[in-house]
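All chains should be modelled from the sequences, with the hints used to inform the complete structure.
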Amino acid sequence: METRKIEIPLMADLFAKGEKPEYLFWVGCAGAFDDRYKKVVRAFAKILTHLKISFAVLGKEEICNGDPARRAGNEMLYQMQALQVIEIFKMYEIKKILTICPHCFNIFKNEYPDLGGNYVVVNYLQFLNSHIEDGSLKIDSASLDNISVTYHDPCYLGRANDIYDEPRNILRKITGNLVEMNRNKSYSLCCGAGGAQMFKEAEKGEKEVYMERTEDALKTGAKIIATACPFCMTMLTDGLKYKNKELEIRNLDIAELIAQSIDL
Amino acid sequence: MTKQIIFAITLLITFGVFFYTIRRIVSFFKFTRPAFPIKDFGKRINVMLSVAFGQTKIFRRPVIGLFHALVFWGFCIIIFGSIEMVIDGLTGSDKVLKILGPVYNILMASGDIFALIVAVSIIIFLSRRLFFHIKRFEGIEMKKRSHTDANISLSLILLLMLSLMAMNIGYLGCQRIADGSTSGIYPVGRLLITFLPGLSADKFKYIYEAAWWCHILLIFLFANYLPYSKHFHVFMSIPNVFLSRLDPLGKLPNMDNITKEVKLMLDPDTAFAAPAAEVPPERFGVKDAEDASWKNYFDSLACTECGRCTSVCPANITGKKLSPRKVIMDLRARMKVKGPLMVKNGRDFNDNHSLLRDYISEEELWACTTCNACAKECPININHPTLIVDMRRYLVMEEASAPGELKAMFNNIENNGAPWQYSAEDRLLWAKDLELKIH
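First to last, the protein sequences are chains X and C.
Okay, so the first sequence: first residue is 1 according to my numbering, each after it adds one.
Okay, so the second sequence: first residue is 1001 according to my numbering, each after it adds one.
Mixed in with the good hints there might be a few duds.
Said to hold, decoys possible - 20 angstroms max Cα-Cα, derived SDA-like pairs, lysine to any residue: (1) C/LYS1287 x C/LYS1095; (2) C/LYS1095 x C/ILE1113; (3) C/LYS1432 x X/LEU14; (4) X/LYS39 x C/LEU1434; (5) X/LYS38 x C/GLU1209; (6) X/LYS207 x X/ASP165; (7) X/LYS60 x C/TYR1422; (8) X/LYS38 x C/GLN1421; (9) X/LYS90 x C/LYS1263; (10) C/LYS1432 x X/PRO9; (11) C/LYS1432 x X/ALA12; (12) X/LYS39 x X/THR237; (13) C/LYS1321 x X/GLU212; (14) X/LYS5 x C/GLU1435.
Stated by the list, open to error - A few chain C residues facing chain X, derived, Cβ under 8 angstroms: (15) LYS1230; (16) VAL1234; (17) ILE1238; (18) THR1318; (19) ALA1402; (20) ALA1431; (21) GLU1435.
No lab work stands behind these hints: they were computed from the structure.
Cβ atoms here follow ideal geometry from the backbone N, Cα and C, with glycine treated the same way.
Here it is, written out as C-alpha cells:
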C-alpha cells in the first residue's frame, strides 16, 4: 500500500508564515521522551492528519507545565514553569489546546486560569469522540473482531474531570465486547503513578498499587487493556510483565486502537 | 407549672453547656487560614440538597447506605416532634403542633414509622460494629476510644428511638381508654399496643410521662455529647456539604503568595517597583493546625470516621501507612491540643510539637497518589488531597525535604524543562519518519 510522509507542523514555522493553526497539540514530556508513549503520540498525530485538522506542536519550545512539581509540593517550581508556558502561549496567540496526557489536560483546564492562562482545553478522548459522533471519523466496527477490551479510567480524566463516557463510547464503536473491571468509572483504582509517584519508588507496603490494578484488569478476562494516560500505560504494562501476561494481553492506548481500526 | 419550671431549667442548662462547648470550638477557627470565598449560593444549595438531603454519596455503597439514609431522613422527620416537645414542655401545652391538621397526621405517622426503621437500622449498625469484622472500622487511627465513642452514640440513638416508640404507645393507651380520639396517627404504636392488653389508663399515663421525659432528656444529653464525639457530624455534615469546595476534584488551590514571588523573579522590572509593606512572611504550606484552612478544620469536625475514604485509598489498600481518615482525624486532634494553647498564648505560640511529624509522618504524605478516590467517596465532601498536598508544600518549600528521586525530578524540570533527564533537542524525535497510508 502506498504511504505518504507526514510532516508535523511546528508552531514557530507556521507563525513565521503568518499562519495560525486552530489547535496547539500539546505532546507532553511522556509523549516526547517515553519510547512506549511516543507510539501513542504518533498514532494520534496520524489521526489528526487523517482528519485534516489544523494543528501544530511547539516542538523544542515545549517545556514541562509543572504538574509533577506541583503535586509533589513544589509550588514555586510549578508556577515558574506555568508562567513561562503561559508566555509562550501568549506569543503564539494560542486559544485551543489539545492534550493526550490527562495530567497536562487537568492542569491547563483547571489550574492555569488561576495564573491568567485561559484556554479551551480539549482532551483527545473528547476530541475523538466528537469526531466519531459527527461522522467525520469513521471506524470499522469489525476491526477488533469483538476482542474483549477493558478500560482503565485515569484518575485525572475520571474523578478529577468527570470524563467517563467518551472513552466508553469510542471503545464500543471498536469492539462489541467492552468489559468493565469491578472498580470502574468513579470507583476506579489509581494505577499508582499519580501525585508524582511516577518519579519515585513507592512507600513501603505489602504490594504495588499497579499490581492490584493489573489484577483487576486480569479478572475481566479482557485481551486488551485500553488506557488513556502515559503513566497508567507504564504502570499497567509493568503489571502485565510481572504477571508474565505481556504476550497474551496487550496494553494499548485508545488512540492506537483507533489508528489500528481505521488502518492508518 | 412545676413541670414547666423543671423543663425550662433543664433546657437552659442544655443550651448553656452546648454554647460553652461550641464557643470553644468556634474560637479555634480564628487561627486558621482562608480557603475560598463563599459564593455561588445557588450551586451550594443544589449540592446540599443532593449530597446532604438526597444522601447521594452515601448511596455509593447502596445497601448500608440505604440504612444510613433512612436514619437521616428519619431524623429530619422526628425533629418536628422534638421541637413540639420543647414547646409543650415550656408552655404546658399538649401536642401543640396539632394545629397543623392533616400535615400533623403525616408528620406523626411518618415519625412513628421512622422511629422503628431507625431503631432497626441502628441495631444493624451496632451489630456490624460488635459482632462482625468490618475492615473499614479498623486501622491504626481507630483507637479503643473511637470504637467506644461509636458504640455510645449508636446506643444513645437506639434509646432515643425506643423512648419515642414507648411515648407513642403510652399516648395511644391513655387516649384509647379516655375518648378514643388522638392527635396524630401512630401506625407502629397501634400495632405494638396490641401486645399490652389490659393495662390501666394510669399505667399508660405513667408510660407516656416517663417516656416523654426520657426522650427529651436523652435529646439534651445527646446534643451535649455530640460536640465531644465523632458524631458531631449530626450537626456539622449539612453545613459542611453546603460549604463544599465547588472546584473540580482535580484542581489544587493556587498559592497567591508564591505567584507574587515568582512574578518578581521572572520580571526584573517589578523588583525595583515600590517595596512591599513589611509583613512577616507567611509560612508556605501546612506544618501545624493553624496553617490549615478553616475548611480543613471544618472537614475535620464533620468527619464521622466512617472510613470510606481509607477503604478506597490505593496506598492504604496496598499496605502503605497513609490513611486519609487518619489525616483528617489528626488535624482535629491536633487543634484540640493546640487550639487552647493559642487562645491563651497567641497564634505564634510554639509548644514544640506540630501536626507534621508528631501526628502525620512524611512517609504517609509521600504515599498519596492524589487520585482523589477519598474525596470522591466522602459522603459529606471532605477534601483530603488538598490538605496532603499543602503539607507536602511545607516540606518542599520550607524544609527542602522530599524523597531523593523527587528532588532529582525537580532538578530535571528546572534544568531540562522535563521531569526526566532528556534534552529539549530531542522533543521532536517521536515525529521522525511518520507516514500515513493512502487508502
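Outcome of the hint check:
no., hint, result
1, C/LYS1287 x C/LYS1095, "54 angstroms, violated"
2, C/LYS1095 x C/ILE1113, "18 angstroms, holds"
3, C/LYS1432 x X/LEU14, "19 angstroms, holds"
4, X/LYS39 x C/LEU1434, "10 angstroms, holds"
5, X/LYS38 x C/GLU1209, "78 angstroms, violated"
6, X/LYS207 x X/ASP165, "31 angstroms, violated"
7, X/LYS60 x C/TYR1422, "12 angstroms, holds"
8, X/LYS38 x C/GLN1421, "16 angstroms, holds"
9, X/LYS90 x C/LYS1263, "16 angstroms, holds"
10, C/LYS1432 x X/PRO9, "12 angstroms, holds"
11, C/LYS1432 x X/ALA12, "18 angstroms, holds"
12, X/LYS39 x X/THR237, "14 angstroms, holds"
13, C/LYS1321 x X/GLU212, "17 angstroms, holds"
14, X/LYS5 x C/GLU1435, "4 angstroms, holds"
15, LYS1230, "25 angstroms, violated"
16, VAL1234, "27 angstroms, violated"
17, ILE1238, "23 angstroms, violated"
18, THR1318, "4 angstroms, holds"
19, ALA1402, "6 angstroms, holds"
20, ALA1431, "4 angstroms, holds"
21, GLU1435, "4 angstroms, holds"
The earlier numbered hints that this structure contradicts are 1, 5, 6, 15, 16 and 17.
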